[in-house]
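**Q** The listed protein sequences correspond, in order, to chains L and Y.
The first sequence: position 161 = 161 (the working numbering), numbered continuously.
So the mapping is simple: the working numbering equals the position in the second sequence, first residue as 1, plus 1000.
Derived from the structure by calculation, the hints contain no laboratory data.
Just so you know, these numbers come straight off a predicted model, no measurement behind them.
Take the hints with a grain of salt, since some may be wrong.
To be verified - Here are some, though not all, of the chain L residues that point toward chain Y, as calculated from beta-carbon distances under 8 Å:
| hint | residue |
| --- | --- |
| 1 | SER19 |
| 2 | TRP21 |
| 3 | PHE22 |
| 4 | LEU25 |
| 5 | ASN59 |
| 6 | ASN94 |
| 7 | SER106 |
| 8 | ASN108 |
| 9 | PRO111 |
What the hints assert, rightly or not - Stretch-level coverage of chain Y by chain L, calculated; a stretch enters the list once three of its residues show a Cβ under 8 Å from a Cβ in chain L:
| hint | segment |
| --- | --- |
| 10 | 1088-1095 |
| 11 | 1142-1152 |
For each residue, glycine too, the CB sits at the ideal point set by N, CA and C.
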Amino acid sequence: MSKVPGAQDTPVVEFRGVSKWFGELHVLNNVNLTINRGEVVVICGPSGSGKSTLLRTVNYLEPIQEGQVLIDGHPIGQRQVGDRWVEDTQANINKMRSEIGIVFQSFNLFPHMTALQNVMEGLVTVRKMPVAEAEGIAKQTLTQVGLGDRMEHRPSKLSGGQQQRVAIARALAMRPRVMLFDEPTSALDPELIGEVLSVMQQVAREGYTMLVVTHEMGFAREVADRIVFMDNGEVLLESQPEQFFRDPGHARAREFLGRLLWHAN
Amino acid sequence: MPRQGLVDLGPIGALFRVAPYLTRSFVVTIEFTVVAAIFGLAVGLIIALLKMSRYRPFKVLGTLYTWFFRGTPLLVQIFLVYFGLPQYGINLPPFLAGALALSLNSGAYLSEIIRAGIESIPVGQMEAARSMGMSYGLAMRRVIIPQAYRRMLPPIVNEFVALLKDSSLVSVIGAVELMLASRQLSSATARPFWFYTYAAVYYLIGTSVFTQLGTWLERRLKDYE
Ligand SMILES: Nc1ncnc2c1ncn2[C@@H]1O[C@H](COP(=O)(O)OP(=O)(O)O)[C@@H](O)[C@H]1O
Ligand SMILES: [Mg+2]
């Protein structure tokens, strides 16, 4: 939706033959996927299919055993020495992580800090930005997500929806190359889901590149440029939302959608 | 030390006479406790980090440390430092030897408290911190420790209370703190019941103040959340 017509496709995140095992368990099986600048890609699939793991390989919270995940062309967590690939230095990994925003299902806000301090934290301690400047950006970002009047509140004094919006602001304040969302509304009471989805829609409208794991099919239909269906660690299909909801064209996906719609009604 | 006529003064009179001396030696006891608490915390933090390390040799080292210092009597550890080390040319005066043994010992107990406190923080906190690009150390300093120390505080205060009492053991290597002072007075006057009772009262005051301080701090930190 946010793609500029005629604009060149510039890959921001590229999975190239990504495989990962947890011990014996093959959680990611040769994943190949490209997310271009300004694109919103929704990943869905049954529980345990590897969606969270795939998302977490992008900022190297999960290392992989085969393949590469490239951010703006740079493989994360890997570095070439001669003709061998070795694990990248911690400093490089930290640097790349600071340019990738992630929003977790369980918010993971820092409970000992106010909303404002949560949003400022990365700017001040990682980016080494002067406090006054960081505070300006943090206030502006919190206002954008509709929390201009909650800046001095600690997370425990905020609703789940408000906490998740602070978490989105915390990631956005770093001006990331890509925003990752891992089931951002799954821990919320139903009446609080809407406020978070509408902030995410607003983020998409601003042109952010987004990779979103969600079961909110309304959001997928309206906001996604592409839908990716995963099962058993494999990307089974990628398609346009209209096509996906008309007929995903794959038995497993059809079954998944059927179950989801059945529960939703 | 005015020993003459102490017995004739009776228990209360004697207490007033020796109070300044006992108070001075109690200050030494407090000094032992504070020094061992500070160095013990430093040792405890290092050992806790070793035990939580992903690197196996570090883990093993940390575990061995705790195993030794919790599994052997403090008295043996004090003797090892004070009598054992001179065999290798390391001669420490009683105060230093005692403080060192106490620090190493309390470090083992404190490392368990620190580790449990840190591990009680949900993993999502570390993941969120690292995801913003923080190094492990920065994440510990800014995110994990500030949350964990509130939970660690009550058991740490308990450990300090135990330390205050355990410091009496260094009397055996001749560091003149409350216990040794009381023993000297007891044998000079043949009135051990009086002087050990006074010592007990001093220790009780010390442990009560520590405990109260802990309760007060705990309440303040609760308000904060
Ligand atoms: N840290 C881990 N150690 C071992 N197995 C894991 C770990 N994390 C996830 N798994 C397993 O990997 C599979 C994929 O998990 P996940 O990526 O969380 O799936 P999804 O997000 O699609 O529900 C599941 O079978 C899960 O049990
Ligand atoms: Mg998941």
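**Q** The structure should be examined with respect to each hint, and the outcome stated for every one.
**A** So, going through the hints one by one against the coordinates:
1. SER19: SER19(L) check fails; min Cβ-Cβ to chain Y is 22 Å, beyond 8 Å.
2. TRP21: Nearest chain Y Cβ about 18 Å off; hint violated.
3. PHE22: 15 Å, violated
4. LEU25: 19 Å, violated
5. ASN59: 6 Å, holds
6. ASN94: 5 Å, holds
7. SER106: Check passed: Cβ of SER106(L) comes within 5 Å of chain Y, closer than 8 Å.
8. ASN108: 4 Å, holds
9. PRO111: Holds: closest Cβ of chain Y sits about 7 Å from PRO111(L), inside 8 Å.
10. 1088-1095: It is violated: at least three residues are needed, and the segment 1088-1095 of chain Y offers just 0 whose Cβ sits closer than 8 Å to chain L.
11. 1142-1152: holds (count 4)
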